[in-house]
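Peer 1: Letter by letter, the chains look like this.
Protein chains: 4
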Amino acid sequence: MTMTAPVNTGPTGYSLPLSPTGASAMLTPPPWHFSGEVIMVDYRVDPEAAARFLPPGLSLGSDPGAAAAIFAEWQWCSESGAELADPQRCQFAEFLILLACEHNGVPMARCPYAWVDSPVPMLRGWVQGMPKQFGAIHQTRPRSVGLAGPKPNAPGRFDGALSVHGRRVAEITVRTERRITQPPQLHAVPLVHTRMFPTWTSAEPPLAQLVTSEVTGVEFGEIWAGDADLRFPSVPDADFAGLLPVEIDQGYVFSYAETLCGGKLLGEA
Amino acid sequence: MTMTAPVNTGPTGYSLPLSPTGASAMLTPPPWHFSGEVIMVDYRVDPEAAARFLPPGLSLGSDPGAAAAIFAEWQWCSESGAELADPQRCQFAEFLILLACEHNGVPMARCPYAWVDSPVPMLRGWVQGMPKQFGAIHQTRPRSVGLAGPKPNAPGRFDGALSVHGRRVAEITVRTERRITQPPQLHAVPLVHTRMFPTWTSAEPPLAQLVTSEVTGVEFGEIWAGDADLRFPSVPDADFAGLLPVEIDQGYVFSYAETLCGGKLLGEA
Amino acid sequence: MTMTAPVNTGPTGYSLPLSPTGASAMLTPPPWHFSGEVIMVDYRVDPEAAARFLPPGLSLGSDPGAAAAIFAEWQWCSESGAELADPQRCQFAEFLILLACEHNGVPMARCPYAWVDSPVPMLRGWVQGMPKQFGAIHQTRPRSVGLAGPKPNAPGRFDGALSVHGRRVAEITVRTERRITQPPQLHAVPLVHTRMFPTWTSAEPPLAQLVTSEVTGVEFGEIWAGDADLRFPSVPDADFAGLLPVEIDQGYVFSYAETLCGGKLLGEA
Amino acid sequence: MTMTAPVNTGPTGYSLPLSPTGASAMLTPPPWHFSGEVIMVDYRVDPEAAARFLPPGLSLGSDPGAAAAIFAEWQWCSESGAELADPQRCQFAEFLILLACEHNGVPMARCPYAWVDSPVPMLRGWVQGMPKQFGAIHQTRPRSVGLAGPKPNAPGRFDGALSVHGRRVAEITVRTERRITQPPQLHAVPLVHTRMFPTWTSAEPPLAQLVTSEVTGVEFGEIWAGDADLRFPSVPDADFAGLLPVEIDQGYVFSYAETLCGGKLLGEA
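Chains as they are written, first to last, in numbering that gives the first Met the number 0: chain A, 0 to 268; chain B, 0 to 268; chain C, 0 to 268; chain D, 0 to 268.
If you are wondering where the hints come from, they were derived from the structure by calculation, not from laboratory data. Certain hints may be false.
When chains are identical, the list treats them as one kind, so a pair holds in a single copy or across two.
No farther apart than 25 Å at their CA atoms in a straight line, the calculated lysine to any residue pairs in the SDA-like style are these [to be verified]:
| no. | residue 1 | residue 2 |
| --- | --- | --- |
| 1 | Lys150 | Ala50 |
| 2 | Lys150 | Glu218 |
| 3 | Lys150 | Glu78 |
| 4 | Lys263 | Thr8 |
| 5 | Lys150 | Ala84 |
| 6 | Lys150 | Pro204 |
| 7 | Lys263 | Leu146 |
| 8 | Lys263 | Asp236 |
| 9 | Lys263 | Glu246 |
| 10 | Lys263 | Gln208 |
| 11 | Lys263 | Tyr13 |
| 12 | Lys263 | Pro151 |
| 13 | Lys150 | Glu82 |
| 14 | Lys263 | Ile179 |
| 15 | Lys263 | Thr215 |
| 16 | Lys150 | Leu265 |
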């Protein structure tokens, strides 16, 4: 019997950094579990401006110009749950904008802009096609005792704020008044992203795929609704300015969980 | 009738920066309201080492060597509540160590070390005599939905971690198992601090006063207890090393609120 | 011969936290050595507004309304130089405003506002009476090779920016054109501060002293001057608004070093 | 004459976020100019361990086990130079490890691990195949005046430190003693990366290409060399542990600039 040396297939891993066993990869493979607290406002933007953010294959659908601004404070973990033992690694905050759209007659939500405050979720966003950038993000936390904060699952005031490069980009205020039973529309439809990896060598076009996220384990806590305000004190660029609110609808506060399992290809983008 | 110009009494304010109306002061005057989530471990240190951290006027009391390590994630506001509208300003995390002691026969707790992650609470600590330094502090947040975190008010695992200057100084793990009715002893007694302001001009000794904090509005949520672990992976200095655990007792998780109204002078220190 | 136990004088240190040997103190005692890179703009404010920031004992002097905005990126160490071995501890950035004033006929500079990005320099500021708050501070670094930055000691563009609580508070631009021989006036006079420690117990007024800083080892590198701009995009409060520029003069870029040895009492404030 | 509506080709940009004009892209396309200050140590690792980090197509070459640890503090800008006006955006610090290797007989350097402290350089790393993660990175800055730092281009002590998730991962000390004329070997050869984008939809393997970086405008300032030390106090994982130093050679301090123009495909990886 002869022994053959194993073929060197090189360092491995779900993501960079590749290493002999894959242990060094910055990202763990999906599924990823998320449990979070959400503050959200429905608003409306100029439908023509919204259309300019949609790639071929998507249309505005039945409610053109419907949009949402969402603050969320997440805890996450991989299948093993290992990250939960180090709270510095398993927590992040997020702000994102959603636009109502449709793909082959199916209502979906398109995310033109998103920010997080932690590098692993930022890169994970790029893997799935979410355009996550880096920002400083804070939101009101409900407090079950004392005077410094609203009570959970009760009327109260909730604020969120996003700063980017030291400038205040977005602020949200929701005054919850009543419990409702239906989740906000744009938080209940699938997300559709352009998964994109920039060109580097001259020989190649950029990778660009239209994908939707595959999600299980969706869970909502009590959903509270009420008056809302939404402000963009410092606009990052002229394209962003196209999506400023023309009307502000109601706001929502709720707990939310999901498991993100991977993506499904809808087409080349 | 003659008009006299008002005497210029100069810029004013509860703290620096002084300004014409006092509006620029970094600190608002007490009372300050606090609502927080606490993860705490009872442990024991060498009583002789603990004694060396007590100023004249304090003794070890009836339980020499009793100590506690406490992580807390706070929301706070001044009397007006104005800070709550900007979550970036009204949130901070804290880690502190407490030693059992006694003043004139009254059981109290002495804080030899504390860290926060926000400058206003740090300076406010110095005003009241708490030796707050700056660190990176994170702790598990309960989540009412999903898989990424323990449920509130139920058995589960809670972790906390403190890093200072990029080194991991303290880590705590509490596995809650049962609800109890009595608050942990060292969280139920008054704090006794040395309010101290360093010497600057050659003409003066440093300000140093023994003070206790005046607190109202104390509120506890459900108190859960269970097995605990406490680690100090990187010891900041040789004095700190004297307070390493010689025994680790049980841990606690609870919501807590108080209003800090000011200080009471116990003596010159 | 009998042995007597040493008297317990309690934990010690130049500052909190007090500890058995003083090793845990957050602050080392002066002297403190500073070596930095400075970007500075001379400008003018409404003299009446400036006067409202001066405590009794100070007057506007011979150039009422003269002001300066200063960005500096420092390296510092105590007498032993020990901090230099850990670059995370010995570096900080600063932004401050100075107002021309006079004490007993001596030209001085008054600092109504200052921000740093590191907790030790912030607290050290309070010990000496500088009203240092916390901000995100960045300034152009000269680069001796390549295209990404101005050359040291040569014509070029230098920018500085301060953000506080996620809002952009100050921005500076200096286009150096020529070398000059005299330091800018407000960087060449002593600083005069109100050393102030807030009230905590009802029994006491706040500590408040008029002090000037004692400085040795002053060293300037080449001083370059040129056109300047100064912007305050987001004004922190109405008192700060009184000091907005009514005229912008020239700007300066230079290296600067000093040793801060302590303070000298000018009077009770 | 008839007007035809333009075909909607969708939002555009060099990277996410895609937007109507491309103005919102987080990354600008290359070229990118870099000017930096470098502190570097040559050392040796176990050659067998190094080999396990090389993908097919690369071999250890003529100096198996040669490695380098590099701290650098960069300023960068795109072709337009626009980023230089906002110092918060154009500065970052980096720590990376290099391993000597060979591709088709050409000496190259392989980067198994890298960290930066800013999100744009992190993502730009992934575009080019550098495994950049996020860390807190600080290094000694030379100072031309005063006592708080070494003089530029002269004998002196330079330190660097990397912390990741609040743990100190790497520390470097170089005591420069003499000026040398040749750049360190591993800073003078091309980098060879695995450009990799993780799998997301089940239909596809991950993108993985062996690429080298195309660089122009290389410029070195004075190169100073001397004794060095290199410590890894907290090892991130077992694969990283394979690359711990078995021998530490000399260290270097120098200014360095380059322009990164794109990548060249060496093969599928």
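Peer 1: Looking at the structure, which of the earlier hints fail to hold?
Peer 2: 1, 6, 8, 9, 12, 14 and 16
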